Amino acid sequence: MAAHPGGLTAVEPSVRTRTGARTGPGAPTVSVRGLIRGFGPKGVLNGVDLDIAPGEFVALLGPSGCGKSTLLRALAGLDHDVKGSGVINVPDRVSVVFQDSRLLPWDTVLGNVTLGLRDHDADTKARRALAEVGLAGREKSWPHELSGGEQQRVALARSLVREPQLLLADEPFGALDALTRIKMHGLLRELVSAHRPAVLLVTHDVDEAIALSDRIVVLDSGLVATVRTVAPEIGSAVDAAGHEALRRDLLTALGVDVNAASH
Amino acid sequence: MAAHPGGLTAVEPSVRTRTGARTGPGAPTVSVRGLIRGFGPKGVLNGVDLDIAPGEFVALLGPSGCGKSTLLRALAGLDHDVKGSGVINVPDRVSVVFQDSRLLPWDTVLGNVTLGLRDHDADTKARRALAEVGLAGREKSWPHELSGGEQQRVALARSLVREPQLLLADEPFGALDALTRIKMHGLLRELVSAHRPAVLLVTHDVDEAIALSDRIVVLDSGLVATVRTVAPEIGSAVDAAGHEALRRDLLTALGVDVNAASH
Amino acid sequence: MSAPTVERPAVAPHQDPALAGRDDVRPTGRRLGPGRRRRLAWLLGPSALLLLWTAASATGLLDPRILSEPWTVVATAGELIADGRLQENLAISAQRAGLGLFFGIVVGALLALVSGLSRAGEAFIDGPVQIKRAIPGLALIPLLILWFGIDETMKVLTITLGVFVPIYLQTHAGLRGIDLRYVELAQTVGLGRAGFIRKVVLPGALPGFFLGLRFAVTGAWVSLVVVEQINSTSGIGYMMELARTYGQTNIIVLGLAVYGILGLLSDGIVRLIERKALSWQRTLAG
Amino acid sequence: MSAPTVERPAVAPHQDPALAGRDDVRPTGRRLGPGRRRRLAWLLGPSALLLLWTAASATGLLDPRILSEPWTVVATAGELIADGRLQENLAISAQRAGLGLFFGIVVGALLALVSGLSRAGEAFIDGPVQIKRAIPGLALIPLLILWFGIDETMKVLTITLGVFVPIYLQTHAGLRGIDLRYVELAQTVGLGRAGFIRKVVLPGALPGFFLGLRFAVTGAWVSLVVVEQINSTSGIGYMMELARTYGQTNIIVLGLAVYGILGLLSDGIVRLIERKALSWQRTLAG
Amino acid sequence: GGSATAGNAQPTQATSPLATTVPAGTTITVGDPSVKVALELSGLIKELDFKVEFANISGGPQTTEAFRANALDVGSVADIPPIHATWTGLDVRIIASVFRQDAVNHPLYELGIAPGAGISSLQDLRGKKIAYSPGQAQGALVLRILEKAGLGQDDVKLVELPSTGDVYSTALASKQVDAAPIGGVQIKRYLSKYKADGASTLRHGLRDDPGHLYSPAKVLDDPAKAAALAAYVEVWGKAKRWIEDHPEEWLEGYYVKDQGLSREDGQYLIDAAGKADLPLSWTEAIERHQKTIDLLAKEQKKPELVAADLYDTRYETIAGTAFAAAGKAGAA
Ligand SMILES: Nc1ncnc2c1ncn2[C@@H]1O[C@H](COP(=O)(O)OP(=O)(O)OP(=O)(O)O)[C@@H](O)[C@H]1O
Ligand SMILES: Nc1ncnc2c1ncn2[C@@H]1O[C@H](COP(=O)(O)OP(=O)(O)OP(=O)(O)O)[C@@H](O)[C@H]1O
Ligand SMILES: [Mg+2]
Ligand SMILES: [Mg+2]
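Chains as they are written, first to last, in our numbering: chain A, 255 to 517; chain B, 255 to 517; chain C, 203 to 488; chain D, 203 to 488; chain E, -6 to 325.
A couple of the hints might just be wrong.
Unchecked claim - Cβ-to-Cβ under 8 Å is the rule here; a few derived chain D residues that face chain A: (1) 226; (2) 227; (3) 233; (4) 238; (5) 240; (6) 243; (7) 476.
Claimed, not checked - In silico BS3-like cross-links for lysine-lysine, where the CA-CA straight-line distance does not exceed 25 Å: (8) E/141 <-> E/121; (9) A/337 <-> D/478; (10) C/478 <-> B/296; (11) D/478 <-> B/394; (12) E/186 <-> E/121; (13) E/284 <-> E/150; (14) E/121 <-> E/181; (15) C/334 <-> A/394.
In case anyone wonders, no lab produced these hints; they're calculated from the structure.
Please read these numbers as outputs of a predicted model, since none were measured by experiment.
Beta carbons: idealized from backbone N, C-alpha and C, even for Gly.
Just chain A, with the same shape it has in the complex (with noise of 0.2 Å):
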C-alpha cells in the first residue's frame, strides 16, 4: 500500500465524525470509533472514526489494499479471528454485496437471489429483480454458465431484493460496462428511495461516486484521509463546474496528477 504523496492529510476529528447532511438529526446508523484492524503485523486500519445516518448515502474511495473491504467487512461482523480494537454500532438487517460475486456455486441463479429470505412472495420478487438487473430467464442456470457481469447482477439482484437497514457494497459494478452500469445505478437509486437503507459503497469510479452518493470518504494509510459531501445539484450535474471541482479534488486526493494526460 503505497503512500500517497498528493494525498490530504488526516482531517480533523469533528469532520471525520460529522453525520450525513441531507438526512437531519438523529442517531447515526452506523458508527465507528478508533476501528484498528491489521494482519500480522501489518496495521490496515489505523483507527477509523465513520458515522453513517440513516438513509444516507456514503461512497468509500481509496487506493487498492487500503483497507475498503477490510472496512466493509469489520462492519458486516466478518472479521471475529482479525485482530484489532475499536468500537463499531450497526443495525441489525444488514446486507453485503462482496467484492467477488460470491454466488454459490451448488444452487441457481434464483436460488441465490432468494437465499436466506423469509418472505412468502421471494420467488416473485426475485424473479423481478432479476428482470429488473436484465437477467429475465436466466433463473435456472447455475452460476458458472454466467458471465463476469452476469454474475455481478445477480449478486446486485440479491441485495435489491432484501431491505436491509444498512447495505454495504464492494464494487458493485466493477465488472459492468457503461450502459449496463448506468441502469444499475438507477436500480440502486430506485432501492434507496424506496426503504431508505444507510448506504455504504465501495467504488474506484470518482464519476460513480459523485452520481450516486451524499458524502464521499477517501482512506488513505488507515485512516478517513478526506470527506466531502456532495451537494444535489452536483449530483446530477446541474451544477457542471462544482462537479468537475470535486472530481478533480477527489483525484488530487488519490493521488492522480489531474494535470497530467487526461487519465
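Once you've looked at the hints, dock chains B, C, D and E with the ligands against the given chain A.
Chains B, C, D and E with the ligands only, in chain A's frame:
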C-alpha cells in the same frame, strides 16, 4: 443480454476484417473467420471475423454478456466442448489474463507468477514484476490474503513476466483505483513496446480503450458491430476534440444516450 | 508464428442447421486433464479382467481348484439360479445390507453434522469414532453378540457400524472443506442454523458424502461375509461360508463374482446419482 | 435500530502496545460454523469414553468377564511391557504396517494419477479397483497365499492391497474434483504434463489424498489382525489371536486399547501434517 | 447340487517303499508349532540332519490353504480336516497319529452349558439351541454327540456360529445358545467366570482325541520328501515322549514362555491332556475315523469315503516305535 435500441447495426464484412492500420502489412497474428459459438439453444457469437496484426493493440468493448469472454476463450483454445464452428488462427505463445484473477489458492503469490515459466531467472523476473505492480514484499503471501485489486495485480504480473506473441486480457484493471490503474496502463504499454505482442484487451472503460489501443472493436448481438481506429494523437489526448468525438461515438455504439445526464 | 491448429470436426454444430457444415478449426493446445467421458468405457477394465481369467484358466495357468474356470462359475450360477438358491440368498442379503446401509447413512451423516458444526460436538464425537475405526471389526463381534444377541438386530447393527464410519468421515471432511466465503455469505443473508445447513452445509458436503457412500455400499456388501456366519442359514455370505466349509470352490468363486458385480453395480449407481446431483460442478471430472 | 453489539475482548490486540487496552466492540451476528479450534479438545471424547468405561466397570455395570476393567488392562500392559512382549510385538507389527502402508500409498497414488488423468487409464484401472474393493479381503487370502506364499511378502502385500484402495479412491476423487478453472490456467501458462501434475494436480488432490491416508493408516493397523494369523509368531495381531484362543480377556482388551491408541495417534499425526500442508485453505475447518 | 469337485479324487496308495536316507538338499516345511518348541527345548531338533522350515500354521482351513499353495509339506490337525480336504478335491494322507490314554476322561472338548439352560445329560439337549460350525471339528463333534444321544438334527436347534476365539463362551454366557462345545483353557475360563451364574459343562463321553500329521499325496509321491517326512515323524514321536517325560520344562518353555499363559493355565492343560498314546497299529483308529466319515457324509450330505484311503500305511509304525523306544531309553 438486452438488445440495444441505440446500437449500430452490423457493419459491412469488409470493415469487420480490416487489420490494424498502424502496424503495416504482413500476415495477421490472429485471424478469426465466421466464428460461431453457443451454449445450448442460445447463440453467443454469430459469425465473428477479426484480424489482429503483429504488434497491434485491439480493445474489445461490448455490453455485459455479449460474448467478449467467449471470444477470448475461443482464441485461447479453452472451448473444446463448446458448440460452434469457424476458423481461428493464433500464434503458439498465447498469454491470458482471465476475468477472475484465477490464482492457484495453494501456491504463493510468487509461485503463481512464475507458474509455467521455464527461464532460469524466473524468480528474479517475477519479483521485479511484483514490485512493478506494487506488491514487493508480498511474494510469500497466499492469494486469499490479498485484496481484490492486489489479486488482479498478481494476475497482471503473471502476464508481464511472459513474452507472448498474443496477449489476451479480460478486464485486467476492473478492480483497480484510478491511480493504480494509470500505473498499470504504463506497465502494459512498456510490455507492449518491449516485445510487441498482439494484444486483445477487454474493457468496459471507453477512455481506457482509447488511451491504450490502436483499434477498438465493439461486439454486439454476437457480431463485430463497430470498428474504430484510434489515431495516435487521439490516444495520447493531444487532439482533445477528436478524443471526445471518438468517445461519444463509442458510447453511442454501446447504447449510452450521450446527451442525457453525464453518465 | 504459424498457427498450431488442427482441422477437427465441431463438437456438435450450433443449432442453426445452415451452419452445420461449416469449417471448424480451433487452436489445440495439448489438453490437460482426462478429456471427455466416453460411454461404456468403464466396461473395459472388468472385461479385460474377465478375459485374463478365461485365458489363464483355459491355458491351465490357473489351477481350477484354486480359482474355478469362468465357464464352471457360469454353469454353477445357472444351477443355483435354476433351483432358486442364488436369488433367495441375494434377496435376504440385500435386505440386510440395505437396512444396515440406511441406518449407517443416517447415523453417519447426523454425527458428521453435529461434529462438523460445533467444536463441542467434535470434541465428544470425533475421537470415539476414530477409536471405533481403529478397532478391528472382528474383535467387536463378541461384544456385539453379548449386547445385541445373534439375531437380525445384531447383523444389521454390525453392518451399520461398518457403514457409518466412511459416511461420517467423508461427510465431516466435506463439510469442513466448505469454502469460508460461503459461510460468510450465509451469515450476511441472515440464514439461520437450519437454513445454513440446508443451503450451504449439505450441498457443500455432498461431494464428500457421495464418496463416503461409495465406500459404504461396498462396505455393506462385504460385511455380509462376517455377519452371515453368525446364526444365519441364508444370504450370500452364508452361502459362501458353507461353500468354504465344504470346499465348493466353484460356489466360492461364484460368490466372489457376485460380490464383484454387486460392488461394480452399487458403485456405478452411486456415481450416477452423484453425477446428477453434482451437475453444478465444473471440475476435471468433466 | 439499536445495535446488536456485545462487548468482547479483542481477539488479540493489534501490535501497537498503546492500543492494547482499547475498547473492542464488534457486531456479533450468530457465528455460523464451528468457531475457533481449541487445543487438546480432541482429548475430550476419548477421555469421556475412558471415564465411562471406568465408571461402568467400577459400578459393576460392565461385566469384567466380558470387558476387563481399565485397571486390569493397565496391569496387564505393565506385565507385558516388563517382560518385553508388548514392545517386541508392536515393533514387528509396526514394521509390517509401515511397509504395507508405504507400498500402498505409492501404488494407490500412482494408479489414481494414471486413472484420473487419462480416460484410457481410467477405463482399465478404475473398474478392477472397484471390483477388488467389493471382494471381501478374507476371500482373497487363499489366492494371495497361493501366489505369494505364507511369508512376510504375502503379509506386507495383503496390507498393501488393503491400503491402496482408499488412497486410490480418495486421490482419484480429489483429483477429479479440481476446479476446471485451474486446469485452464495451467493450459494457458503452458504447463507441460509434469508441471501440470506437480503444480495443479497434486496440490489440488492433496486434501483428498490426506483423507485417504487417514483411512489407510488405521486400515494398515487393522489388517494386522488378519495377516498375523497366518504363519506368524509375533505381532500384536498374533498376540491377540493367541489370547482369544486361550480366552485371556485382559490381553484381548489390552490389544483393543492398543489398537485404539495406535489409531488415534496415527490419525492425529496425519491430521497434523494435513493441517500444515493445507494451510492455504480457507475453509470451515478454520 | 454344487458338489462337483467333492470326492472326485480317487485315492491310490503310494507303494514305493520309503528310503532310509534323506537325499542331500531336501527341504520340508512343517506346520506343527507346538512340536517345534518341543524339539527346541529337548534339543531333538539337532537330529534333523536336513533342512526343516517351520511355519506357524495349524488347523484345518489354514493347512489346506497352505497345501494348495505348495507352501507347506506337513500339517498338524484333528480328524476332520483330512476328510474335508479330500472332499474339496485335495488328496491328503495321514502319516502319524497321536491319541490320549483314557481318552473318554481326557476329552479335548466339553459341552458348555449356558446358565439356566437346564441340561444335565445329553438327552436334555432335545429342543435346545446348540452352537454348530459345520466345517470345524467342533461341528462334527456336535453331530456325534447328537447321534450318541439318539437325536437327529431336527430334534435340536443348530445355531451356526464360527467357533473362533471365545465366541462360543460369549454366546453361552449371553444365553444365545444353550450348549456349545468348548475346549482347552476355555473350559476352565468359562467355568471360573460363569459357574456362579449357573453355568456348567457336560462330558460327552466320546473320543475326540485324535491328532494327526498329514501331507498332500503329491508330497508323499516325492521320494526325497517322503523320506524326510519319515525322519520327521520319527523325531516327532520322540518329541511326544519328551513332552510326556518333562512336564515341568514343557509347562515353562511352551505354555508360559511361548504362549504367554499363566502357570496354572498351562498346568491345567497338561493335566487335561493326560498321557499320550501312539499306537503301533492304526486299525482301531481307522475304524473310528470311518464312523465319523459315515456320520458326516450322512448329516452333511457328502459322498462316502474310505477312511483307510486317508492313511499312508508306510508310516504306520514309525511314530509309535520312536515313542516307545524313547520311553525305554529315558527309563534306562
Ligand atoms: N487475510 C489476510 N491476511 C493478510 N493480509 C490481508 C488479509 N486480508 C487482507 N489483507 C491485506 O490488507 C490490506 C487491505 O485489504 P482490503 O481487502 O481491505 O483492501 P481494499 O481496500 O479492499 O483493496 P481493493 O480495492 O484492492 O479491494 C491489503 O494490503 C491486503 O493485502
Ligand atoms: N458455460 C456456459 N453455459 C451457458 N451459458 C454461458 C456459459 N458461459 C457463458 N454463457 C453465456 O454466454 C454469454 C456470453 O458470455 P461471456 O462470458 O462471453 O460474456 P462477456 O461479454 O464476457 O460478459 P461480461 O462483460 O459480463 O464478462 C452470456 O450470456 C453467458 O450467460
Ligand atoms: Mg477490496
Ligand atoms: Mg466476460
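Tested hints:
{"no.": "1", "hint": "226", "in the structure": "holds, 4 Å"}
{"no.": "2", "hint": "227", "in the structure": "holds, 4 Å"}
{"no.": "3", "hint": "233", "in the structure": "holds, 6 Å"}
{"no.": "4", "hint": "238", "in the structure": "holds, 7 Å"}
{"no.": "5", "hint": "240", "in the structure": "violated, 14 Å"}
{"no.": "6", "hint": "243", "in the structure": "violated, 17 Å"}
{"no.": "7", "hint": "476", "in the structure": "violated, 20 Å"}
{"no.": "8", "hint": "E/141 <-> E/121", "in the structure": "holds, 16 Å"}
{"no.": "9", "hint": "A/337 <-> D/478", "in the structure": "holds, 22 Å"}
{"no.": "10", "hint": "C/478 <-> B/296", "in the structure": "holds, 23 Å"}
{"no.": "11", "hint": "D/478 <-> B/394", "in the structure": "holds, 16 Å"}
{"no.": "12", "hint": "E/186 <-> E/121", "in the structure": "holds, 22 Å"}
{"no.": "13", "hint": "E/284 <-> E/150", "in the structure": "holds, 23 Å"}
{"no.": "14", "hint": "E/121 <-> E/181", "in the structure": "holds, 23 Å"}
{"no.": "15", "hint": "C/334 <-> A/394", "in the structure": "violated, 44 Å"}
Hints 5, 6, 7 and 15, counting from the list given before, are not met by this structure.
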